[in-house]
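There are 2 protein chains.
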Amino acid sequence: MQFKPSIMFGLLVSLLISQLPLQTVSAQAPNLAGYSQQSSTAERDWEQKFREIPTTENIRQYNQRLSARPHNVGSPYDKDNAEWILSQFKSWGLDAQIETFDVLFPTPKTRKLELLGPKPYTAKLVEPPVPGDPTSSQQSEQLPTYNAYSVDGDVTAPLVYVNYGIPKDYEQLDRMGISVRGAIVIARYGQSWRGIKPKVAAEHGAVGCIIYSDPRDDGYFEGDVFPQGAYRNSNGVQRGSVLDMPVYAGDPLTPGIGSTPGAKRLALKDVKVFTKIPVMPISYGDAQPFLEQLTGPVAPEGWRGALPFTYHVGPGPVKVHMVVASNWDQKPIYDVIARIPGSQYPDEWVIRGNHHDAWVNGSQDPVSGTSPLMEEARALGELLKQGWKPKRTIIYAAWDGEEPGLLGSTEWAETHADELRQHAVAYINSDANSRGFLFAGGSHSLQTMLNDVARDVPDPERQMSIWQRRRARDITQAATDDEKEKVRDRKYVPVQALGSGSDYTVFLDHLGVASANLGFGGEDGGGIYHSIYDDFYWYTHFDDPQFIYGRALAQVAGNSVMRLADADLIPLDFMAFSDTVKGYADDVEKLATDERNHIVEENKELDEGDQIAASDPTKKYVPPAREAVPPYLNFAPLKNALDALSHSAERYQHAFNQVAQNGGAALAKGSLAAVNAKLIESERALTAVQGLPNRPWFEHQIYAPGFYTGYGVKTLPGIREAIEQKKWQEADREIGVVANTLNNEATIIDSAAEELEKVGK
Amino acid sequence: MQFKPSIMFGLLVSLLISQLPLQTVSAQAPNLAGYSQQSSTAERDWEQKFREIPTTENIRQYNQRLSARPHNVGSPYDKDNAEWILSQFKSWGLDAQIETFDVLFPTPKTRKLELLGPKPYTAKLVEPPVPGDPTSSQQSEQLPTYNAYSVDGDVTAPLVYVNYGIPKDYEQLDRMGISVRGAIVIARYGQSWRGIKPKVAAEHGAVGCIIYSDPRDDGYFEGDVFPQGAYRNSNGVQRGSVLDMPVYAGDPLTPGIGSTPGAKRLALKDVKVFTKIPVMPISYGDAQPFLEQLTGPVAPEGWRGALPFTYHVGPGPVKVHMVVASNWDQKPIYDVIARIPGSQYPDEWVIRGNHHDAWVNGSQDPVSGTSPLMEEARALGELLKQGWKPKRTIIYAAWDGEEPGLLGSTEWAETHADELRQHAVAYINSDANSRGFLFAGGSHSLQTMLNDVARDVPDPERQMSIWQRRRARDITQAATDDEKEKVRDRKYVPVQALGSGSDYTVFLDHLGVASANLGFGGEDGGGIYHSIYDDFYWYTHFDDPQFIYGRALAQVAGNSVMRLADADLIPLDFMAFSDTVKGYADDVEKLATDERNHIVEENKELDEGDQIAASDPTKKYVPPAREAVPPYLNFAPLKNALDALSHSAERYQHAFNQVAQNGGAALAKGSLAAVNAKLIESERALTAVQGLPNRPWFEHQIYAPGFYTGYGVKTLPGIREAIEQKKWQEADREIGVVANTLNNEATIIDSAAEELEKVGK
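From first to last, the protein sequence lines stand for chains A and F. One rule links them: number in our numbering = place in the first sequence (from 1) + 221. One rule links them: number in our numbering = place in the second sequence (from 1) + 221.
Hints in this document: simulated from the structure, not taken from any laboratory. Quantities reported herein were computed from a predicted structural model and do not represent experimental measurements. One should not assume that every hint holds.
Same chains, same label: a pair holds when it works inside one copy or across any pair of copies.
What the hints assert, rightly or not - Derived SDA-like pairs: lysine to any residue, alpha-carbon spacing no greater than 20 Å straight-line:
1) Lys-825 to Asp-710
2) Lys-840 to Val-519
3) Lys-610 to Asp-703
4) Lys-497 to Pro-448
5) Lys-345 to Asp-673
6) Lys-841 to Val-468
7) Lys-340 to Gly-523
8) Lys-389 to Gly-426
9) Lys-840 to Val-708
10) Lys-811 to Thr-701
11) Lys-825 to Thr-701
12) Lys-707 to Arg-817
13) Lys-840 to Gly-746
14) Lys-606 to Pro-329
15) Lys-333 to Tyr-932
16) Lys-389 to Pro-448
17) Lys-840 to Asp-745
18) Lys-712 to Asn-252
19) Lys-485 to Ala-423
20) Lys-811 to Lys-860
21) Lys-389 to Leu-489
22) Lys-840 to Gly-742
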């Protein structure tokens, strides 16, 4: 245990700070949004009671138990954990059960990586135990290092270093006149979700893909390496899935439907989301002999990592032999689902989830999030015993199979899709949790609610709310004094748009359920992600050793669930949504203009011969191809729709303000069922059944993971990606799709406002 | 020889390209600025003849001869080189002589650097010979690795890593709560002139300073290391002077006066420009054991170099013992001066110089500049034989003693200060030269002349002028499409303001002689600077192996000298000067505003407690001290002076345009002596006799090397540095000084315009 208390200015970090009344929890506090005076007072009281229940000791014990052995999908301890979570849920008085699905989960059969020459080397592909770290030696249960859903393959080819292996890296290779056709590429982890790297490599004709962890990104460049420090040592390997998840998430054999026993499954040969080429992850210890022997051009500055030699791009003279083969088996996954029925609106569901499966021991990923979720469930059980009656149904889920492809959440949500479309109010997700600042992503209709809740949760390290502390961080980290002023003037901490990378994906992107993802971070840092070293020893030495942010996560996520479940009127904020989407629309219009100007400029340079003139004749340089200047796009439909959205949001806000008058008397007496029903529809209206171009599973029109980023979000994805990919006709078409979507949204908000106006009368 | 010809699009690089007529050299070309039609035609003819004379083979031979042995100040081969240059000058028919000065030049007596523990290590402090590189083995003549003018000292202390050791690095140390008081600091080379590092370290209480070359900056991170590549290997050390040259340049014993035999010399104890603490340069091979064993906070991201471990700041547990002692002897230096008397204005001098001394063999620094200068001298000798008669006197100088402290140029110019103030038209400098693009710095009154000359000089690698190629580079390298457009719209390539770092310093900064510094670069790169590996083998493998840019330097510098020496009217452009200074004034006003806003913002953060709130309680963080909000400064006198300057520049430009009409008939018949006399005064008027605050030797009020940058320029230095150092009263005072200076300048330009108007009538 190396937690060091604050040594600054004698400030003592009170671990009992949660018992101090916060300024916002005062008698003069205004009613909570969507609550009458009476229900607001009661809610504040219940939420305060809730926050006092979770203990860091419990969270520590859950973590130690859940991460005690490797518990990947298909392992004995994965099932054991699910059953233990179930028993805990039940012991706290919750109605819980396990839902099982059968999913395709390949495991390593053959893994071989040889450097044939000049100086031969055979990659070790092993993570050795570390003295002092007890679970690192559980070798018989550890899943070997591999990338799940890589196709099988046996290839021998020259090697090319492609930096992060994202599309713009290949543009730079083009400028250098270097092709990866017929080559094995070696890419470093980072800058994209890992599945993008083999996908883009294959698009460019590569026959194999090695992904390694450069010490620049999460190794010794960043900090001392494990076990002396938190960062990746030379043997650490990042396992991980390389399914083409931007096409669809979940079991690759059952796109769009639950992988229940009778479900129709694709044949392996018909699955489109496997990689096209074999891919394998390695440590930087294994990568060094390969990279060190490459010749060819010196890698561009931004491509160079922290290994102690000059990075070259290749190809030549390095020749590589790579063999990947998997056991392509189906495995059971175990979602643990607990349900608290709503007292007033049982058909309105607030869902909360975190996965429980890991690549190995996963004390951080996901157990640091699973454990607080369990403690929330225990606390809610306590509240129920004390007489708390949530208006809405609450569902707590510990998902299995997140790591391979968001399998547990996706199969469950696909199985229950019709019910969810009808009943789901919101989904609150968490995953690996760390020490530091609250990071909240999600639907912008939830932005105000999330800010409100965060204002009530105490920060465990500083005497202020987690909201105030996050705001202080945003001020100090803003790049310029002007930006600092803007942050200071803002009344809220912006919620970040969600891409993918955790279990909210099916809820938000596929079903259109308003979603949020909560977690703490910014004071952690490390390089054990998806390695055997992500374990209890590491977590309790280097991440949140006292689990104080585990408790804070339980408090903020639990309070968010309660705030949504107990409200008279579901607290959605369409002004926040409308303003945010307006910003996205400005972004994509600017993107189109910039793209156009850039092509015009680049063509001028080609006409003048500037690029060739400025290049060094002793180095190969290939200027970009001339491109046709793009047409101007018609953004008018989008702007008109934004106007409609803005008007409806204002109308709803006006009605919302009306019913909040006089202590929210109208909320206390009126019938809100009709309004709430419309509110539940509002996020659903942001989907379009045809989905995004070439990926119909992704139905949300405002947020999606990028087709070429994997995790990273693309807002207004249909329009934005069409522009990025220079598909101008598609961009024009997608402007229409998004405009229709926003018009539909405006209609729903208008009808919610109309219902709310009746309540206010 | 590894020069690779262009492989792009079959373009053949013609080594004979200088014989091709360039577009600008056509019958329809307008008159050269400052020339009548007749004199312009003659001048174009002579300049063309001049450009055809220099050969790459001669430049190669001079280089090989001059760099054949180590030739630092005080060495036998330094004198030998001077005498050989003299004999060459004479053999080309020039009136040449050697001027000798006696200067203080300390050489190493004791150098010791020990890591006492935890794991002891004794620094090697040697650069071994490299197989295949013949001159690297001349060990008996090589000056050992050291920093000249370090004080003697023997210190034992803990070590602190201070990044580049510049003022803002110490601000970051303050935030980490780390003091260097009583410690030895280790700083990496870069981001400032080296002498700044011990100066700032001593200001913060350090007792010793180690400077090392991190492989991030000029070693394997940047490219393959010598002898496989151009970059610094683990043994390479950067020697160099650490005199506090921002206070004054030249012999430290004779500030402001020539170090002639009878000159009054300071006692060593009274010299203020030695370092305050011992300082020593080392290789990264020697630095690694020291840095690797440091503990304490992990270095901030921008501080981390490319050695393969986690950079820590210290202190602890590393303990260092360091001994530095020098032989504090006087040595003779040998300036070789050739003079071509002017036919019409013998009392108007155009001066051209490059140093000949090196730290070791110095094939690049300075011989790659010295050799073209010699070839220019030969070519001018040829032209004289062909009947060319320059109107003005031309002086060619091969300076000695530049490396230790700009000794040769400074002592010569201080000795001849009165004559130079009266007669000097301009000084054209060069130094180490490389392959690539023309970089021109200097007085902005010379900007148009330098652009004009560069338009006439062919680029040896591409079929265009060096001006066109530089412009193509500026377009392609501009960061944004908007900036690219701005570069494209510009009719000139801006001349960069000069700081220090070569022999123009005394001319420009001390005497107020309009100066320019010319050189090629951007296609070189390497890490042999001031090491034994800067030699003929390295230069002919990795820099300008065919000396084609050596010839281009001779062409552009020689043509610049001729253009100035032959003009009817000295071609100065005060519009370019006025516009540029207006930009500097905008900069300093913005700097004051930004500085004010920044203090206001930082105080708000202190009031709110944001910095503490945002900090990690497990890491020490000390917030900045509260600062008084600065007063608003009165920029009105500066703006009024800029108006006056702008009006006078316009008036002069109008008169200039008038006399250029009708083929410049007025120039051909009128007497221009009075105008030229005023023009010569114009740069002198930019000095103030009291100099800059606390450094009276630096008299120029527009350009100076920064007190805390050493080489890097500070424009309007009196104002800018006062603001940077938060001396608000001084800033207000310096605004007055600069305003007076610019008003004086406006008066001179007005009187030049008045004289020119008479000619035009």
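Original post:
What are the numbers of the hints the structure violates, in ascending order?
Top reply: Going through the list in order, the structure violates hints 3, 4, 5, 6, 7, 9, 14, 15, 16, 19, 21 and respects the others.
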